[in-house]
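**Student:** What follows is each chain in one-letter form.
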Amino acid sequence: MALIQADNITKSYRVGDMNVPALKGLSFEIGEGAFAAFVGPSGSGKTTLLNLLGCLDHPSSGTLKVNGTDISTLSRSAAATFRGENLGFIFQDFNLVPVLSAYENIEYPLLMVRGWSPEKRRERVERMIAAVGMTEHAHKRPDQLSGGQKQRVAVARALVGEPKLVLADEPTANLDHDTAYRILELMKSMRDSFGTSFIFSTHDPKIMGEAELTFTLEDGRLVQQGGEA
Amino acid sequence: MTSTLKLAWRNLTRYRRRTLLTALLIMLGVMALLLFVAAAGSFKQTMIGSITDSMLGHLQIHRRGYTASIDNLPLNLNLQPNAVGKIESALKAEPEIAAYSLRVKLGAMFSNFTENTSVRLNGIDPAAEDATVPALRQRINDGDRTGPLVAPGKVLIPTLIARGMKVKVGDAVVLVVTNASGSVNGKNFVVSGILDGVTGPGGRDGYIHIDDARDLLRMDKPEVMEVAVRLKSLKSLAAVQQRLNAKLDEIQNKEGKPATELHLWSDLSPFANIVRMIDMMTLFIRIMLVAIVLVSVMNVMLMAVYERIREIGTLAAIGTQPGKLMAIFLAEGLLLGLAGAAAGIALSYALVGYLNLNPVVFAFGREQITLRPVLELAEVAGVLGLAVLVSALASLQPAWRAARMDPIQALRHV
Ligand SMILES: Nc1ncnc2c1ncn2[C@@H]1O[C@H](COP(=O)(O)OP(=O)(O)OP(=O)(O)O)[C@@H](O)[C@H]1O
Ligand SMILES: [Mg+2]
Numbered sequence: 000m001a002l003i004q005a006d007n008i009t010k011s012y013r014v015g016d017m018n019v020p021a022l023k024g025l026s027f028e029i030g031e032g033a034f035a036a037f038v039g040p041s042g043s044g045k046t047t048l049l050n051l052l053g054c055l056d057h058p059s060s061g062t063l064k065v066n067g068t069d070i071s072t073l074s075r076s077a078a079a080t081f082r083g084e085n086l087g088f089i090f091q092d093f094n095l096v097p098v099l100s101a102y103e104n105i106e107y108p109l110l111m112v113r114g115w116s117p118e119k120r121r122e123r124v125e126r127m128i129a130a131v132g133m134t135e136h137a138h139k140r141p142d143q144l145s146g147g148q149k150q151r152v153a154v155a156r157a158l159v160g161e162p163k164l165v166l167a168d169e170p171t172a173n174l175d176h177d178t179a180y181r182i183l184e185l186m187k188s189m190r191d192s193f194g195t196s197f198i199f200s201t202h203d204p205k206i207m208g209e210a211e212l213t214f215t216l217e218d219g220r221l222v223q224q225g226g227e228a
Numbered sequence: 000m001t002s003t004l005k006l007a008w009r010n011l012t013r014y015r016r017r018t019l020l021t022a023l024l025i026m027l028g029v030m031a032l033l034l035f036v037a038a039a040g041s042f043k044q045t046m047i048g049s050i051t052d053s054m055l056g057h058l059q060i061h062r063r064g065y066t067a068s069i070d071n072l073p074l075n076l077n078l079q080p081n082a083v084g085k086i087e088s089a090l091k092a093e094p095e096i097a098a099y100s101l102r103v104k105l106g107a108m109f110s111n112f113t114e115n116t117s118v119r120l121n122g123i124d125p126a127a128e129d130a131t132v133p134a135l136r137q138r139i140n141d142g143d144r145t146g147p148l149v150a151p152g153k154v155l156i157p158t159l160i161a162r163g164m165k166v167k168v169g170d171a172v173v174l175v176v177t178n179a180s181g182s183v184n185g186k187n188f189v190v191s192g193i194l195d196g197v198t199g200p201g202g203r204d205g206y207i208h209i210d211d212a213r214d215l216l217r218m219d220k221p222e223v224m225e226v227a228v229r230l231k232s233l234k235s236l237a238a239v240q241q242r243l244n245a246k247l248d249e250i251q252n253k254e255g256k257p258a259t260e261l262h263l264w265s266d267l268s269p270f271a272n273i274v275r276m277i278d279m280m281t282l283f284i285r286i287m288l289v290a291i292v293l294v295s296v297m298n299v300m301l302m303a304v305y306e307r308i309r310e311i312g313t314l315a316a317i318g319t320q321p322g323k324l325m326a327i328f329l330a331e332g333l334l335l336g337l338a339g340a341a342a343g344i345a346l347s348y349a350l351v352g353y354l355n356l357n358p359v360v361f362a363f364g365r366e367q368i369t370l371r372p373v374l375e376l377a378e379v380a381g382v383l384g385l386a387v388l389v390s391a392l393a394s395l396q397p398a399w400r401a402a403r404m405d406p407i408q409a410l411r412h413v
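Chains as they are written, first to last, in numbering that gives the first Met the number 0: chain W, 0 to 228; chain R, 0 to 413.
Extracted from the complex, chain R is given alone in its bound form (with noise of 0.2 angstroms):
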């Protein structure tokens, strides 16, 4: 074994430019691939990250229905206090819940006392917010960012609002809201801070607390729109999606069907597709590697078989059997895609390394992305398996011709 290898080196360093020149092709292959999946994995968790963090939290529930119309922001699909206690005690039961905030959700007339302009609120209960989404206080870029979210007869309004309506950090103003029975009602707020918008649904929403919502809505009863939920970890997502429907539907209407329904992240996210594109990306660029470290190991080797056939004769007449031939030259495709594989790995780790001393800072959306490329050992070992799978692939049919050859031909070629 150990002696197949170190012919199959030996034969490789023999053609010294011609082995660099594939290594080096396979080596940027390998680079291409690792360095995107790194820094589109940075892109994808750090979007992610400040979607879940900031507002949408890692899913919601609902009463079914209502993200349909989640634009309208409707007042008659509400989770009534019995539906409310059930989801919260299904959320209880489950250990991989970090936290959950109920929210009252509603349009509202905004008025600074001289101009009007509509605003989506947010009723919420400032600690059970600040647990599920807990970067929703880093933007707040004016006003108090340490003490609650939000106090009652305070307000959190986007920037947006804030600078068509020259409105301030202190400032008295008014939110008018037509409740479900279509009386109208008013109250003034103390704005306390202006908070930055983010990219997605929900990015430039204003913040009450809850029990103003209600009291706006005039609601007798502690109805709730939306239920966020955080995960404590992203990946038992799926497990707990699973479970918790489950138990979700054991939650019925009038009808008989279930009264809820429960919506990932993902679904609620635009930006959910743009993950499914880099993935895809992702899944181009793999193909592109296997066609390139196939069609250069293959090359190689089955110029390295036509070379050597006077040898290769030589070797067969000697005694060697058609299957050590074949190992030769698989050993010499392996080492090949091996070594190429293995200096894209290491030049990787070390762009990665540079790229997080030396961030890249880049603008997408309303976010200032700032790239933290990670190699994920998994998808390191993957990419290097592949590579040394692929290479014994494309080394599979030179090899074999190596093996077959007949030893007088083969003595005899010039």
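Bound-form chain W, shown alone (with noise of 0.2 angstroms):
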């Protein structure tokens, strides 16, 4: 079974009396341990796409199946705890806590979201920051990061987990060249190592070329899909 079902999915956003089609209906699968591009245009629907895989929003029709469950329909507190135990979210603009310590930051999931013991936490962030080479940076805050550390230290929140699948919508854009290149090495080097799927949106072609498999979106409507599924 595949960890990502799209069954014709549609998204329309009500603008005043208009509706705007922003997804035209698209059925695609996604197995575990993928590591996918959404590419395309500006506009062309790359970061709706991934608010429907990542429960933050409800598809207008179709069916979208995540690890089995029909997340289409999922209540908003239901949906929370879907994405708390399934998902991992990587930002564009990183979104950090500002007052949160790199280590803090990466605790976050397992102490506000799952409720985990302190023995628990501490062993496994701190495997997680080890993983991400960030042990040395452990206790600095946000504001005292580089780009691309901050980063590091997000794909490392979105991980601590262990979700099923990780959703990054443009994680890169926000880095020069090298870094970015350095985190989308990260992002695979993590899935080898945990077998999690990554999803990620980009413009850039050379950042589309580390992706095993793309999905290209124009307009809404999945034009065309490369690698193996």
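Hints in this document: simulated from the structure, not taken from any laboratory. Treat the hints loosely; a few may be bogus.
[Stated by the list, open to error] Straight-line C-alpha distance at most 27 angstroms; calculated DSS-like pairs for lysine-lysine:
id: 1; chain 1: R; residue 1: LYS5; chain 2: W; residue 2: LYS139
id: 2; chain 1: R; residue 1: LYS323; chain 2: W; residue 2: LYS163
id: 3; chain 1: R; residue 1: LYS220; chain 2: R; residue 2: LYS234
id: 4; chain 1: R; residue 1: LYS91; chain 2: R; residue 2: LYS323
id: 5; chain 1: W; residue 1: LYS119; chain 2: R; residue 2: LYS167
Hints are included, so try docking the two chains, each in its own frame, into the full complex.
**Tutor:** Written out as structure tokens, the structure reads:
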């Protein structure tokens, strides 16, 4: 069974009296351990699609299953629970909590979402912070870290709960090319060690090349799929 | 729980100046309230103490109707010996009563052999009066303060009369009385002391021995105009009033109606109105404090939520439950209120300590009042509870907004 099964999903936004279609009937599957990219021009629907997969929004029609759960109709609190247990998020602007140290940012999902015990948390956080190479900077606040370091912390935060799937909307758009490339490498090595599926969106053709699977969107339609599903 | 508080605290220290200013405002409000309550409490205590301990006693019992015409010192509304006996046995049966004093009250002509003036007199038993109003002897500013209050043949006169009539301790005077049946009687007395006046009814009365008073009035039975009662503690006033009233109501006149009336010190002294005014002012300051805390905490928390929309979106996206988000912001407002109130309480204690070392003295009526403010633990706990509760209430709406936020909208916010 595929990790993600999308069957003819659509999404339209209401703007005033108008219904603006953003996704116009997408069907695809993504398996476990995938390293996939959504690509396409601005406004093609990449963010919209990632939001649906991330259980942050409901599709207007069609069914969407993630890890066997139909997420098209989850309630607000059930969706939060589902995200906390199955998903990780990496953001374009890193979105670390400014008042928490690198260590505490990584610990946050275990502490405030999962409610793990201190010993379990410490063991896991230390392992993750080492995996992203940030042990040295564990006690720095985000404003004391470079963009690349922040995104490393964010990758660790996304992975600390060992989710099935990590979603990243333009994770490298705010990083220079070398750093972006290294973050992609980090994500891929994480996929290799933890078996987590990664789906990210990007404009950057070179970054695109790192994906093992690409979905090209145009005007809310899937126009091309490349690589092994 | 502790992690929520820790996060809340970190966020408060993130906007240091804003947090400090708000906490400062709450602190000042708390201090205003606590210091007012402490100072007013001390003032109240001193005044009540002065009124009850030096003349009124804590409560008084009269023949029904006497207090209504007390200004005329009527002679035909006396408690008869039979009723006095019943009152005394009721008082003796009440464990909270420390002492009582039977008084014969009368108006007299005071003469220094060249001039006359009128004087209000209390005929008292010195030992009973001393036990009932122990501060009376402290008002003797000239004369013997240590012996019995007043001996037969002696009179304690108020300063005003002593000064107006140019009478000193040791001088002979004459007191002339018209009794209930209209006959006039006079007697020589020696002035044994001059009394400082105090504010309130009876504050300018003279004192003679009860036997002399009855003698002057040619009473054939040991009648009494007033029974002044002192309790062991003012706290039991209401309870004692209730119990005594039940017993006193059994003393009935010929028409089968209660023959006596019981009044508390607060019914008899106009100072009770000032006490009520002080209590009203305290209430207003309390309301002001609530308003200050409510507005300032709400303002800060609305700003906090507005500034952190993307952060809220992030936390929500990664799975933080709405309830948890709400708790984070509630804790923040609550901590802010708590910090302000705690600082206010600490400073209030410091200031009250200072005021007790360097007391403020001022004149109120005839009294020299020395303020000795005391912070009651219950009051402090009440203020702390109020500040925390109102802070929580003020954060409720902002926290609710944070919890209800749509993660996508929040994450898109710039
Ligand atoms: N909240 C919204 N309300 C109305 N229209 C929206 C909303 N979000 C997205 N859209 C519209 O849906 C379409 C797809 O937007 P989306 O953000 O998914 O594109 P994108 O591929 O992520 O673009 P970019 O590369 O610029 O991030 C666009 O036409 C956009 O205007
Ligand atoms: Mg986008």
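**Student:** Please work out if LYS91(R) and LYS323(R) have their alpha carbons no farther apart than 27 angstroms.
**Tutor:** violated (64 angstroms)
**Student:** Is it true that the CA of LYS323(R) sits at most 27 angstroms from the CA of LYS163(W)?
**Tutor:** holds (24 angstroms)
**Student:** When you check the alpha-carbon spacing of LYS119(W) and LYS167(R), does it fall within 27 angstroms?
**Tutor:** violated (92 angstroms)
**Student:** Are LYS5(R) and LYS139(W) close enough, with their CA atoms no more than 27 angstroms apart?
**Tutor:** Holds: LYS5(R) and LYS139(W) sit about 17 angstroms apart, inside 27 angstroms.
**Student:** Against the 27 angstroms threshold, does the CA-CA distance of LYS220(R) and LYS234(R) hold or violate the hint?
**Tutor:** violated (36 angstroms)
The structure fails to meet hints 3, 4 and 5 from the earlier list, while all remaining hints are met.
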